Structures are given as C-alpha cells and as structure tokens.
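Chains as they are written, first to last, in the UniProt record's numbering: chain A, 1 to 304; chain B, 1 to 304; chain C, 1 to 304; chain D, 1 to 304.
No wet-lab data here; the hints were simulated from the structure. Don't take each hint at face value.
[As the list claims (entries may be wrong)] The calculated SDA-like cross-link candidates involving lysine to any residue, where the alpha carbons are at most 25 Å apart (straight line), are:
{"#": "1", "chain 1": "B", "residue 1": "Lys-281", "chain 2": "A", "residue 2": "Glu-101"}
{"#": "2", "chain 1": "C", "residue 1": "Lys-20", "chain 2": "C", "residue 2": "Gly-300"}
{"#": "3", "chain 1": "D", "residue 1": "Lys-281", "chain 2": "A", "residue 2": "Arg-155"}
{"#": "4", "chain 1": "B", "residue 1": "Lys-281", "chain 2": "C", "residue 2": "Leu-290"}
{"#": "5", "chain 1": "A", "residue 1": "Lys-281", "chain 2": "D", "residue 2": "Ile-96"}
{"#": "6", "chain 1": "B", "residue 1": "Lys-281", "chain 2": "A", "residue 2": "Lys-30"}
{"#": "7", "chain 1": "C", "residue 1": "Lys-20", "chain 2": "B", "residue 2": "Tyr-48"}
{"#": "8", "chain 1": "B", "residue 1": "Lys-281", "chain 2": "A", "residue 2": "Tyr-48"}
{"#": "9", "chain 1": "B", "residue 1": "Lys-30", "chain 2": "B", "residue 2": "Val-47"}
{"#": "10", "chain 1": "B", "residue 1": "Lys-213", "chain 2": "A", "residue 2": "Lys-30"}
{"#": "11", "chain 1": "D", "residue 1": "Lys-20", "chain 2": "A", "residue 2": "Lys-30"}
{"#": "12", "chain 1": "A", "residue 1": "Lys-30", "chain 2": "D", "residue 2": "Gly-17"}
{"#": "13", "chain 1": "C", "residue 1": "Lys-30", "chain 2": "C", "residue 2": "Ala-43"}
{"#": "14", "chain 1": "D", "residue 1": "Lys-281", "chain 2": "C", "residue 2": "Ala-195"}
{"#": "15", "chain 1": "B", "residue 1": "Lys-213", "chain 2": "A", "residue 2": "Glu-101"}
{"#": "16", "chain 1": "D", "residue 1": "Lys-281", "chain 2": "D", "residue 2": "Asp-52"}
{"#": "17", "chain 1": "C", "residue 1": "Lys-281", "chain 2": "B", "residue 2": "Gly-173"}
{"#": "18", "chain 1": "C", "residue 1": "Lys-281", "chain 2": "B", "residue 2": "His-100"}
{"#": "19", "chain 1": "A", "residue 1": "Lys-281", "chain 2": "B", "residue 2": "Arg-249"}
{"#": "20", "chain 1": "C", "residue 1": "Lys-281", "chain 2": "B", "residue 2": "Ile-96"}
{"#": "21", "chain 1": "A", "residue 1": "Lys-74", "chain 2": "A", "residue 2": "Lys-30"}
{"#": "22", "chain 1": "A", "residue 1": "Lys-281", "chain 2": "D", "residue 2": "Glu-99"}
{"#": "23", "chain 1": "A", "residue 1": "Lys-281", "chain 2": "D", "residue 2": "Asp-52"}
{"#": "24", "chain 1": "B", "residue 1": "Lys-281", "chain 2": "A", "residue 2": "Lys-74"}
{"#": "25", "chain 1": "C", "residue 1": "Lys-281", "chain 2": "B", "residue 2": "Arg-249"}
{"#": "26", "chain 1": "D", "residue 1": "Lys-213", "chain 2": "C", "residue 2": "Glu-101"}
{"#": "27", "chain 1": "C", "residue 1": "Lys-74", "chain 2": "C", "residue 2": "Arg-128"}
{"#": "28", "chain 1": "D", "residue 1": "Lys-281", "chain 2": "A", "residue 2": "Trp-80"}
{"#": "29", "chain 1": "A", "residue 1": "Lys-74", "chain 2": "B", "residue 2": "Arg-249"}
{"#": "30", "chain 1": "D", "residue 1": "Lys-30", "chain 2": "D", "residue 2": "Thr-42"}
{"#": "31", "chain 1": "A", "residue 1": "Lys-281", "chain 2": "D", "residue 2": "Gly-17"}
Since the structure is predicted, the reported quantities are computational estimates derived from the model, not experimental observations.
Number of protein chains: 4
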Amino acid sequence: MQPLIEAVHEEFVPYLGEGKVADYIPELAKVDPHRLAIAVATADGRVYSTGDDAEAFTIQSISKVFALTLALGKVGDDLWRRVGREPSGTPFDSIIQLEHEQGIPRNPFINAGALVVTDILLSGYQPRETIGQLLEFVRYVANDETIAVDPVVARSETEHGYRNRALANFMLGFGNIEHAVDLVLGVYFHQCAIAMDCRQLAKAGLFLATGGKLAHRNTGVVSTLRARRINALMLTCGQYDGSGDFAFRVGLPSKSGVSGGLLAIVPNVGSVAVWSPALNKQGNSLIGTLALERLAERAGWSIF
Amino acid sequence: MQPLIEAVHEEFVPYLGEGKVADYIPELAKVDPHRLAIAVATADGRVYSTGDDAEAFTIQSISKVFALTLALGKVGDDLWRRVGREPSGTPFDSIIQLEHEQGIPRNPFINAGALVVTDILLSGYQPRETIGQLLEFVRYVANDETIAVDPVVARSETEHGYRNRALANFMLGFGNIEHAVDLVLGVYFHQCAIAMDCRQLAKAGLFLATGGKLAHRNTGVVSTLRARRINALMLTCGQYDGSGDFAFRVGLPSKSGVSGGLLAIVPNVGSVAVWSPALNKQGNSLIGTLALERLAERAGWSIF
Amino acid sequence: MQPLIEAVHEEFVPYLGEGKVADYIPELAKVDPHRLAIAVATADGRVYSTGDDAEAFTIQSISKVFALTLALGKVGDDLWRRVGREPSGTPFDSIIQLEHEQGIPRNPFINAGALVVTDILLSGYQPRETIGQLLEFVRYVANDETIAVDPVVARSETEHGYRNRALANFMLGFGNIEHAVDLVLGVYFHQCAIAMDCRQLAKAGLFLATGGKLAHRNTGVVSTLRARRINALMLTCGQYDGSGDFAFRVGLPSKSGVSGGLLAIVPNVGSVAVWSPALNKQGNSLIGTLALERLAERAGWSIF
Amino acid sequence: MQPLIEAVHEEFVPYLGEGKVADYIPELAKVDPHRLAIAVATADGRVYSTGDDAEAFTIQSISKVFALTLALGKVGDDLWRRVGREPSGTPFDSIIQLEHEQGIPRNPFINAGALVVTDILLSGYQPRETIGQLLEFVRYVANDETIAVDPVVARSETEHGYRNRALANFMLGFGNIEHAVDLVLGVYFHQCAIAMDCRQLAKAGLFLATGGKLAHRNTGVVSTLRARRINALMLTCGQYDGSGDFAFRVGLPSKSGVSGGLLAIVPNVGSVAVWSPALNKQGNSLIGTLALERLAERAGWSIF
C-alpha cells in the first residue's frame, strides 16, 4: 500500500496549483494550494500515508458523515421523517427543492439536510454540549484525543454563512428546524471547523469500512446494516450533484469538503483520506479527486 | 441458493395482489397481478429460479441497460457528450431538466436519456436493423435465441407514447436527436417490448456481474471497467428518483421496468431477476422490490 | 395623428439595422431588417400610416389574439377550464410550467396556451375549415377580403416546429389536446402565417379599442366586457416574460410577433400596428417597440 | 357614488364569514371576519365611504406601494438594478426565482422585492428614522397626521417572519441586501403594521389616480410618468400570482394585503379602498375582491 500511495502522490504533485482554493471565508483562502496528502487506514488497523499528511485542515462537509452517524444513534430511523434519502439533482446549497417539498431536504449531505441533522443533535443539549459530543465521537472513532475545532475558521464561517442562515430559516418556517437558527448554525459551523490531518481522517472513517466495528477496540460503533446504509448514502449523495459522475469514475462511497478534503470508503478493505485545497468547478478537490480516482483504479477498489 | 429463493418466494406470495398493475397501455393492464418470479444466475453459469419463472414479460425500461451497453460499444465515451451521468432528482419522464440544461438528459436511464441512446443506435441503420441488432445482442448475452419482441405491446406503446414523443421533439429542437422522431420512437417502443422470463433476464444481465465476461462463452462483452461503470449508473440512476432509497435499502445496482421486472447485479456473484407486475407509487414492482430486498439481505449481497 | 406618426417614423429610421431578424425558419430570415411601418386606426374609422405600410408580413403570434377571440365566441368561458389567465414568468415556449401544472398552460398567449386555443377551434371542423374560419374572421374585422395566408411561411414553420410539437404532445399526454397533434400544428402554423400590412393589422385590431364594436359596420364583434378582458390579457401576458416591462414603459395592451409586428390597443381611442423585423433579445421588434413607446408617450396614450 | 358603494356593501354583507382570516400571527387572527368597509376618494378631493369605514387595520403588503414610491424618490431608476419589473409567476413568498436569477427579485411587490426596497430606504438612516420617514410620507399623502404603526402587530410579525428572514439572508448572500437582516426586517415589519381605516387608505393612494398630484395640496408627489408606472406595476404584479386574473375580472391597478385590505386605482377618477379580513385561497380578501369587482363593473371603471 505504501508504495502505491507514494506513486500516486508523485504522479499528481506536478499538477498542484491548478484549481482554486475556496475563498468565501478569509481563513480558507489563506491555505497554500500546493498541498497534497493521502492516507489509507486498512481494516487490520494499519495506517499508510504520504505527502502533507501531518497538516491539519478543517473537514467542513465531511463532518456531515459523523454528525449523521451520531444522530442516527440518537433517534434511529425517525431521522428519515425529517430528511430524505435521494440525490437532490441540485447544488449543495440550493433552496429550490425545499420550497417544492415542504421544507424536507432531499438527503443529509446537502447543506439543508445537514442542518436538520444538527438540529436533531441539539435536542436536549446546549450548543456547547452538542459540539462537545460530536467532537468526542470523532475522537473516539479516530482513536485520537488531540482532534479539535479550529475556532478561527468557526468564527469566520459564522460571519459569512448567509445562505445557510437562509436555509435554516426557510425550514424553520416549515417547522423542520426546532431550535433557534443561531444555535443550529453555531453548532453547524463548529462541526465544519473540526480539524484533522489525513491520517486522523482516514482512521475516523474506518468504522464504515469494517461493518461498523472499530479496528482499535473490540466493539462496534454502529451495526453493519447501518454502516452499509451510510455508505450507500455517501455513494448516491456524498458529492452533491457530482455524485453520479464520481460513482462512475471512482466507484466508492465518499464525502467531500470545501477545504479540499475527501473521505472514501472501501468496504471490507479500509478508508482513504485525501487532501488538496484547490477545487474544481463543482467545489470538490481538483487534484484530490483525480488522485483518489487513480488510487482506486490501481488498487482495484471499485465496489462495482 | 435454490432453498433461499424459494423461501423468499414463499414469504411474499401472500402479499400478491397489493399494488397496481400499469394500465397506461391496455396490453400491460391485462397481466395477472398475482405473479411472482425470482431467478438468480451465478458467476459459475448456473441459474436458479422459482415461481412464475417461465412466464415471459416485456422488460420495458430494463432494456435501457442493454441499449446503453450496445451504444457504448458503438460510440464509446462520445456518448457522454449527449447524455449526463447524474441522478436527475425528478421523475423518469420529467421534461423540466431538459429545458434547464439545453436538451442534455441527466442520465441514460430516464426516458429522455434512453431516447438519445436509441438515437445513437440508429446511426447508419434502419429502424428494423437497429432493433434487430439490439435483439441479437440480448440473445447473445442471454445465450438464448428464442428471446423476441412482443409485437402487440410494441404497437400499443406506439399509440400511447405522447410523453416520449414530447421528450424526443423537445430534444430535437436542441439538436440532441438526430433521426426522425417517429423512427426513434419506433425502435424505442420495440426495445421496451422485448419479452423474457426471469431466467432469461438473469442470464442476460450476468455479464455485468462478471466483469464484462460471458459465463457461457470464453469471451468478454465489455471491459471490466465498462461493466463497473454501467453498474455505477444503475446504482445512482437505475430506479429514477427512488435510486437513493433503493441503494439505502437493497444496496445493489439495479434497473426496474414498468411491467414489474427488476434486474439487479451482485458484482462477482451473479445477477438477479425478479418479476411481479403490481407496482408501488414510484412505478416499480411493489412485491418484487420487497422480495429483492429480503433476498439481498439474507444473502448478504450489499455492495456497501 | 399623421404628423405625429411621421415624426416618430423619422426619428427611428436611423436606427434600422440594429437587432436581429428571426432566422429559425429560412422564410423569416429573408426579410430586409431596414423596414419600419406604423399605422393607427382610430375609433372614428380613419387609418393613418407611414413607412413601409403597404408591405405585408406574417403576423405570427399576433394571430393568437384573433384565435382567442374566435374561440371565446365558440365556447365562451369554458375555455378557461383548459387555459389559465396568469403571466407565466417563463419564456414563450417554455414547457416547465406545463409539467408543474398538469398540462394547463398559464395563459392563451404563450405557445402552449395558443395551441390549446387552436385545438378548441378545431372541434367539429377539419383543419382546412378551421383555418378558413379564422381567416374569414380576420378579414371581417379588418374589413378587407384580400388578407391571406402565406403558404411558404406556413410550410417552413411546419418543418421546423419541434418545440411546438413537443408542447402539443406533452399536453396531449395530460388530455388537454383533443385532436391529432399534426392537425393542431397544421392549423397553428397557418394561423401564424396570416399575412397583413400594418394598415390591415391596425384595422383588424380596432374592435378591441371600441368596446368590441366594428367602426365600419353597425354591429359588435364581442361584448364590451369581453373586449376589455382580452385587452387585460394582452397587457399582463401579451409580451411573454417582458409584459411587465412593456406595461411599465408603454402602458398599453399589446401583442408581439416574431416577424417584428406589434399590435397595441388604446381603449376608446384606436389601435396601433407597428412593424420592424429586427428583434431584441426577448424576441420582440427592437425598433418597433421603441417607436411604439415614443408614440404612446407623445400621444399620452397610457391606460394608467 | 355614495349610493353605489352602499348598494355594493349591502349586496355583500350576507356573505361575510366566508373565507379565512390570516392566522400566521396571533394578532391578525383576532380580527372579526364579519367586517366590510368601502371607501372611494375622488379626484376632486371628496371621500365617500360605508360599512366599517372607521375601523383601522394594518395595511400589510399595501405598504409596498408607498415604500416603492418613496424609494423611487430617493434613488430614482437605479432602483431597477436591484429589482425587476415582471410578474413572477410564483407565490408572494417564493424563493425559487431568487436562486434562478442571482438574488434579483422579479418585482417590488413580492416579499423579496419589497425587502430590497426597504433596504434601499435604510441607506443613510437608522431603522427608527426610516420607518419614521415612511410614516411621515403616508401621513402626508393621506393628509392625516393620526396614522400610526400598530406596535403589537409589528412585534408579532417580527417573532414569526421566518420566511422573510430566509429571503433576506438569501439575497444578502448574493449581495442584494446591504444592511443587517435584522434591521431590514425590523423596518419591513413596522411598515406592514401601519394601520389605517379605509377612508385614510383611499386618500393615501389618491395621488396615483391624479397623475401624481395631491388633491388637498397644490403640489405633486411624483411625476405623472412615475405615477403611471407604479400603476402599471400594480396591475401586472400587485396581486402576486393572481394578478392576471384580477386584471381580467376587475381591470384596475391594485395592491392587496394579508389583513384583507385592498387599494385600487382608477386613473383620473379616484382611488378605492376595500377591507374585509377573511381571505380566499390566494391570500387576498375574499369578499373585498368580489365587492371591488362589482363596484368597478357598476361604475364602468376598467382601464381596458
């Protein structure tokens, strides 16, 4: 595995610099686009990594996977009364579908759906407790107590998240947000600002590749059925309106974040984290996606 | 395998009669809703089946899988200039997305996309030749020369396909249909009227489970990469705007038809055909889908 | 009046050549863009005109006003069960609204609505009779037996009207077209190809300015209420998704055609026909609209 | 005039009680649905009224007419860079069009457009000053210093206006709102809570019927051109997605409010205010609209 990821890393280093780093908040715009990291955590508990694998980045929308897992643990399939399980066919921050469908987001990985998931996590807790629980969960599955929220990014998001504020208020009008919008957004922006390096991220996602079990502990996080279902959602919805193309080219469940991070699951094999900050037109990591496609191809990882 | 499919068959027989047989053309409405057939073709060339497994039905939209395979063989990835690879987020016969996106259908499994695929097959051939080639292809992969088109159903569709006629003319206006609409529809309605029983259908789809190879011949139909990619499209788009939910619950690439047929692919294991004519609200087989879900669950077939 | 229209004509002649003549059918593309005609028919029966006022052009969508009037005479307010009375907020040939609203077009002046109106006119008659009745009606209100259909344009439209064919088939699927699509389109394209010069067109529309009465006969064509209501529809819907802006700038009920013709109604005063073939981005006569705006402003004709 | 409005009042009193009072905020739900008032202010300065003509109600969306007039006075036609002039074809609080058209509302009478107008009024002023200016303007044109904001209704709206909050944040994301959302909404909800009786409202709107001049003063509020243009906007957009039907049936520029108020303009004749709190399905006064239609018909007021 180590030679393979190093070969892929080497192949794509020359292309670094292409694409465009997200600049809708100043903190993200500061990141050097010439970064590339690849890490693979395998089912036997080993972690392979290369490139800028010790540099932390905020995981942004990848956090939606962990928040969903935690919320399903809290309310079970009742969650699906408030969020759908279908690809939306529209951009990640679109509001159109919400108006057509009475405030029920199509899936938990578009922003609207993630806000409802966060709203569910808030039930019975203060915002500080909620983000604490989520952080604790991520540390637990990653087996790493050093993972933390980047407070500067969290604050920066809070100041610019007009579209998310619109989505939350819109759903509140339909009764599909139950807490004050400021509280929901506060938790949401902090969950997006959870910072990890690629080794940590690969380890954090590994339970989805191992039928819900933790390689480093003798216990399961979720049932095998639930792990598979989360993977199914990642495959059909994890790359927003680029999910079909990603399934076609890469063939793995995955979730992307606007910071250039990618988490992909290879069932029964392991989990992969890739990071490269410059984005393609769809807002996903340009080089990261290409590197992941090559890695999956060379390793023969397609689930199809 | 045989005891398993018989157990599933037995479990769902009591529910036959629920749902509603498609009645938009008289020929489909005549079918007895109390039908249930299950067939599994495994990678080693065996076929297991039970229930009404010798009764032929028209495969309808399942034919889109075979037409796509043939068209990719003909024009390769140039096909994707005229059809997308994303879930549409809208019903199978919706025209809205076409207007927003200049006549380029989102994927080859919604009706608009399938019409473009058929239009591609027509290039350089007469309609009669085109449907002949498609039929020949299906016979070849199924290893069964007796498969034929049901002419009564084909004619009945021709008389009622107003929506498909609208879709084709609409795309013609954007230059994304190249042949006369009557010719395209003629071939399309005949491909939908290809009739098979479940054993034939399972065998016809098997090459998608075996990396593109034919179990009964020493040759490949398509490359492994292409087979995987067709499977990926079936997973994200094969059940129209129910694809996300189907992936969540069943976890297999599949394609449904309005006659109540279902084809599902279990990579490296085999292919499954299920048939039960009464439909759920999404227009897919009600009991067939439930039986397939149970079968996949008991066999542990999820790709996730 | 004569000096006024001549002054406006003179003012805009220097701008002729700007804009773009419709070229979706070859026959329209042949027209010299350096044409400008203005005619005013006043309630007392006089007609004033200037410029290329003796040159006939096909009235295209302006024919929708006469077809609607005739259809209302035939079925009365039952017509509104099949067509709405609201601005669509979308382009003249959009199909999106039809899918959202079950095949009921928003108003009789978008293409879909006009096709339903034509379908109504066909009830009980052959296409040839139907177009004959419409032509007879236009000749009657214009008091001019020489008005005729341009058969070359009619044929040319028939060969290129894919979008209209899509609209008609789409509505047929919803049961809102009752005759064969070919027949409906045949009549529709012939009604669009009715050719008049500006003097004839102004005279033909005059009954809408005179409470439904004919200046040249001692009789009414429609009731005052109906004339007012047709004017209301022209104001809110007559310029498609430019109707609001036209009302804002010109302040008169009007209907435009893709050949560069315009018919405007000044209640209790008279009717105005303007023609200049080169179009603006919305597909309405560029110089014709500007000349009409100036004329209305100088004459103080706004209904507001 | 007095006998006419009394006759219309008498005719519709028996129907009071039908329809449904707005209940999205508690304060509006408290109003007795058995109310009906009609007032007509004529160009000569007289005011006729009947029914509950001395009972004040909050004018809600009718305030958009006065806010637009004031904003046009402030920034002139620059306003149209940020708001369109077309009917939207969608409900008054729809957000879909904003996403399709980059945060530019279709017209100043849907909620999104009105929020931009309010945002314009805020430029250079504090919220308290802004609402003060608007109130002063309404008092000036109505010639009545007693008109005031209903603070209880204003507060109640503030607590429930999630949809408006979503619209404002959404436009802020596109840069089409320049002030803090809380400030814009604060002013907006206060302008909606301006309370008048029908006599006051008819007088306040009269300048739009008199070419922008004030009957009670020797001066103009706006130019004749601007008055006409505001009337044109009221006709095409004043009743949201019921504007076409209202123009068809009543034939007058008008603006409705969710409290059951209606303001209609009869150019060169006068202005009409009607109030009856119970609403039809479109959210406009049920009996008020019918009474206005009858009054316009009997008085022969249609502008068409």
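Against the structure, the hints come out as follows:
For the given pair, Lys-281/B sits about 17 Å from Glu-101/A by alpha-carbon distance, which is consistent with the 25 Å threshold. Our distance criterion of 25 Å between C-alpha atoms is broken by Lys-20/C and Gly-300/C, whose separation comes to about 30 Å. Between Lys-281/D and Arg-155/A the alpha-carbon distance is near 44 Å, which puts this suggested pair outside the 25 Å criterion. Taken as a hint, the Lys-281/B and Leu-290/C pair is broken in the structure, with Cα atoms around 53 Å apart against an allowance of 25 Å.
The suggested pairing of Lys-281/A with Ile-96/D holds, with an alpha-carbon distance near 23 Å, which does not exceed 25 Å. Restraint check for Lys-281/B and Lys-30/A: not satisfied, since their Cα atoms lie roughly 50 Å apart, outside the 25 Å limit. About 67 Å separates the Cα atoms of Lys-20/C and Tyr-48/B, which puts this hinted pair outside 25 Å; it is violated. For the suggested pair Lys-281/B and Tyr-48/A, the alpha carbons sit about 47 Å apart, so the restraint of at most 25 Å is broken.
At most 25 Å may separate the alpha-carbon atoms for a hinted pair to count; Lys-30/B and Val-47/B exceed this at roughly 29 Å. For the suggested pair Lys-213/B and Lys-30/A, the alpha carbons sit about 50 Å apart, so the restraint of at most 25 Å is broken. For the hint pairing Lys-20/D with Lys-30/A, the CA-to-CA distance comes to about 55 Å; that exceeds 25 Å, so the pair is violated. Taking the CA atoms of Lys-30/A and Gly-17/D, the gap is near 63 Å; set against the 25 Å cutoff, the hint is violated.
A threshold of 25 Å between alpha carbons decides the hint, and for Lys-30/C with Ala-43/C the separation of about 35 Å lies outside it, so the pair is violated. Of the supplied pair hints, the one linking Lys-281/D and Ala-195/C is violated, its CA atoms being roughly 44 Å apart against a limit of 25 Å. With a C-alpha separation of about 43 Å, the suggested pairing of Lys-213/B with Glu-101/A is violated against the 25 Å cut-off. Only pairs whose Cα atoms come within 25 Å are accepted, and Lys-281/D paired with Asp-52/D is accepted, the gap being roughly 24 Å.
At roughly 19 Å between alpha-carbon atoms, Lys-281/C and Gly-173/B fall within 25 Å of each other, so this suggested pair holds. A distance of roughly 18 Å separates the Cα atoms of Lys-281/C and His-100/B; the hinted pair therefore holds under the 25 Å criterion. A threshold of 25 Å between alpha carbons decides the hint, and for Lys-281/A with Arg-249/B the separation of about 32 Å lies outside it, so the pair is violated. Taking the CA atoms of Lys-281/C and Ile-96/B, the gap is about 23 Å. The hint holds against a cut of 25 Å.
For the hint linking Lys-74/A to Lys-30/A, the alpha-carbon distance of about 37 Å lies beyond 25 Å, and the restraint is violated. The suggested pairing of Lys-281/A with Glu-99/D holds, with an alpha-carbon distance near 18 Å, which does not exceed 25 Å. For the proposed pair Lys-281/A and Asp-52/D, the alpha carbon gap of about 60 Å is over 25 Å, so the pair is violated. Straight-line distance between C-alpha atoms of Lys-281/B and Lys-74/A comes to about 30 Å, which puts the hinted pair past the 25 Å bound.
The straight-line distance between the Cα atoms of Lys-281/C and Arg-249/B is roughly 49 Å, outside the 25 Å bound, and the hint therefore fails. Distance hint between Lys-213/D and Glu-101/C is unfulfilled; the C-alpha atoms sit about 43 Å from each other, more than 25 Å. For the proposed pair Lys-74/C and Arg-128/C, the alpha carbon gap of about 17 Å is at most 25 Å, so the pair holds. Under the criterion of a C-alpha separation no larger than 25 Å, the hint pairing Lys-281/D with Trp-80/A is inconsistent with the structure, at around 31 Å.
Taking the CA atoms of Lys-74/A and Arg-249/B, the gap is near 20 Å; set against the 25 Å cutoff, the hint holds. Between the alpha carbons of Lys-30/D and Thr-42/D the distance comes to roughly 32 Å, so the proposed pair goes past 25 Å and is violated. Between the alpha carbons of Lys-281/A and Gly-17/D the distance comes to roughly 56 Å, so the proposed pair goes past 25 Å and is violated.
The structure shown violates the earlier hints numbered 2, 3, 4, 6, 7, 8, 9, 10, 11, 12, 13, 14, 15, 19, 21, 23, 24, 25, 26, 28, 30, 31.
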